[in-house]
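K.L.:
Chains as they are written, first to last, in my numbering: chain A, 1 to 521; chain B, 1 to 73.
If you're looking for bench data, these hints aren't it; they were derived computationally from the structure. A couple of the hints might just be wrong.
To be verified - So the derived label-pair ranges between C-beta atoms look like this:
{"#": "1", "chain 1": "A", "residue 1": "E293", "chain 2": "B", "residue 2": "I34", "range": "49 to 55 Å"}
{"#": "2", "chain 1": "A", "residue 1": "D385", "chain 2": "B", "residue 2": "D59", "range": "30 to 36 Å"}
{"#": "3", "chain 1": "B", "residue 1": "F40", "chain 2": "A", "residue 2": "S41", "range": "36 to 42 Å"}
{"#": "4", "chain 1": "B", "residue 1": "L33", "chain 2": "A", "residue 2": "V428", "range": "42 to 48 Å"}
{"#": "5", "chain 1": "A", "residue 1": "V216", "chain 2": "B", "residue 2": "F7", "range": "51 to 57 Å"}
{"#": "6", "chain 1": "A", "residue 1": "G481", "chain 2": "B", "residue 2": "F40", "range": "22 to 28 Å"}
To be verified - Covered, in the sense of this in silico footprint (three residues per stretch, anywhere, with C-beta under 8 Å from a C-beta of chain A), are these stretches of chain B:
{"#": "7", "segment": "5-19"}
{"#": "8", "segment": "22-31"}
{"#": "9", "segment": "36-45"}
{"#": "10", "segment": "55-69"}
Claimed, not checked - Not everything, but these chain B residues come out facing chain A in the computed CB check (under 7 Å):
{"#": "11", "residue": "F48"}
{"#": "12", "residue": "D50"}
{"#": "13", "residue": "R51"}
Virtual Cβ for every residue (Gly too), placed ideally from N, Cα, C.
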Amino acid sequence: MNDLLATVDWSRAQFALTAMYHWLFVPLTIGLSVIVAIMESIYVRTGDAKWKGITKFWMTLFGINFACGVATGIILEFEFGTNWSNYSWFVGDIFGAPLAIEGIVAFFMEATFVAVMFFGWEKVSRRFHLAATWLTAAGVSLSALWILVANAWMQNPVGMIFDPDQMRNVMDNFTQVAFNSVAMNKFFHAVFSGWVLAAVFVIGVSSWLLWRKRNVDTARKSLKIASWFGLIGIVMTIWTGDGSAVEVARVQPMKLAAMEGLYDGAKGQSLVGIGILNPDKKLGDKLDPMLFEIAIPKGLSILANHDADSFVPGINDLIEGRAINEAGDTVSTVSYAERIAAGKRAQEALRAYGEARKAGDTAAMQRAKDIVMANFKYFGYGYFDRADEAVPPVALTFYSFRVMVMAGGYLMLLFILLLFICYRRTAVLEKAWLHWAGIISIPVVWICSQAGWVVAEVGRQPWVIQDLMPTRAAISDVTTGSVQLTFWIFAILFTMLLAAEISIMLRYISRASKKDIQQTH
Amino acid sequence: MSQIRRFFECTKDLYVDGFRNMTVGRSLWALILIKLFIIFFILKIFFFPDRLNSDFDSDSQRAEAVREALTQQ
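Isolated chain A, as found in the complex:
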């Protein structure tokens, strides 16, 4: 068991490393493609050649980032086949279909229109070029849609039927999979967070130009567009984040409880604004889970259910199957002990199904299948012996959520401040503190973005597919040593590639800044 857990942990670490590396590039590609399209639209509308130069400058940075991100996601698919083969088989075509669509969309839309964007300035009309730029931006977001549809299915598996004969889930309703409510919120949340990230990137680079007193007009124009874009992005990110919270409360209430460090829920549940978890707190003891907290009264009930007096269950409530209804009465839900029993019944029946299949006993197969299907909703719980095994890491989820929210709050203030300065206090644009605030915000926005994914993915542990497959059942029969080896290969490779990529980007910014960007066309 210890060796299995070591293999699972190393495989998870490797997947997290690869996914986080991939996510360094994706949100910038999503957001910067739209910023470039906006700038080019201004150029086409006004005919002012300055905007062509500005567009080309940011388009080159988009291209560098795009090239750096190319193929980094493919490694994740390799890992599915090698380290997570049980999972890959079990999800069947549900995971494959969106990824195949993503591959086709990415290849045809991006490969075609990116080429027109970079090579077509003197070859096609202005309007055709602009259309290609907007279509690239749309293609980038559409690619993200299909990846997030696949991810959302893992958080909320719908639109499929489990086939015990094939041992995989078979898609029976594509619409349910594609328009999964979790997917829609997740998609818009990720896309708008990409807008925020790209806006801060543009603000950071523009701040550096202002600090070095190079291409000041370009920097000011870019700063203004990025601040508007970022403000719209952050407002939409908050709005879609609210939608995500409602979905989490509905389909992953344990994740929500972990995000809040909430053990015993209540009606009109408060939200921890700022807090420190008690590190000694264990499941089932009477210790206060918080050492310190500043709470927002009824905040969690509003966030989770849009109802200030609604009940939000804590970890203990979920485990014990306890809820409070609208009338204020304590009612029973399905406890984790019952879920574990149902999961074990499903697994026992699946084993019996396999034996009956080998023996050619169709009647026994049907009996076993009926039991599997009746208990399949809780199939994954059968891997646990104790309820606490189904509780995610509370501290990492709790703190990551607060890092994301606080960084998001800071960025919102930054956009508002910059817009105020751009329109009302332009003299402040020459202040070094403002330039440094812009530059320092670049790592802040990346930390914010990565923290969001940590909340989403660590918070849903121990599940790789919610309620159906825990991470430890998804793993292949691989040795810990082989996963450790590839982990370190990736760690070294990604570090080298990242250094090369950042260096190409910085060299370009430095070189371009010494010329007149607005005349470089």
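Once you've looked at the hints, dock chain B against the given chain A.
P.N.:
Below, chain B without anything else, positioned relative to chain A:
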């Protein structure tokens, strides 16, 4: 017919001239090619075999292997 030919010639020119006049793009393409080589010709071949595809010949064998793996834990 001539319009179709012209379309393909324009497309060819777009790519040929585009690649020829690249500046930053040259180092980016070098980076992409190195990356693709490492990913597909080193990592995929030596470190990331598809377990079920390489260990079993048919889907029914794969299904059986997964059944055993998922019900024996």
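K.L.:
So which of the earlier hints does this model not fit?
P.N.:
Per hint list: single violation, 5.
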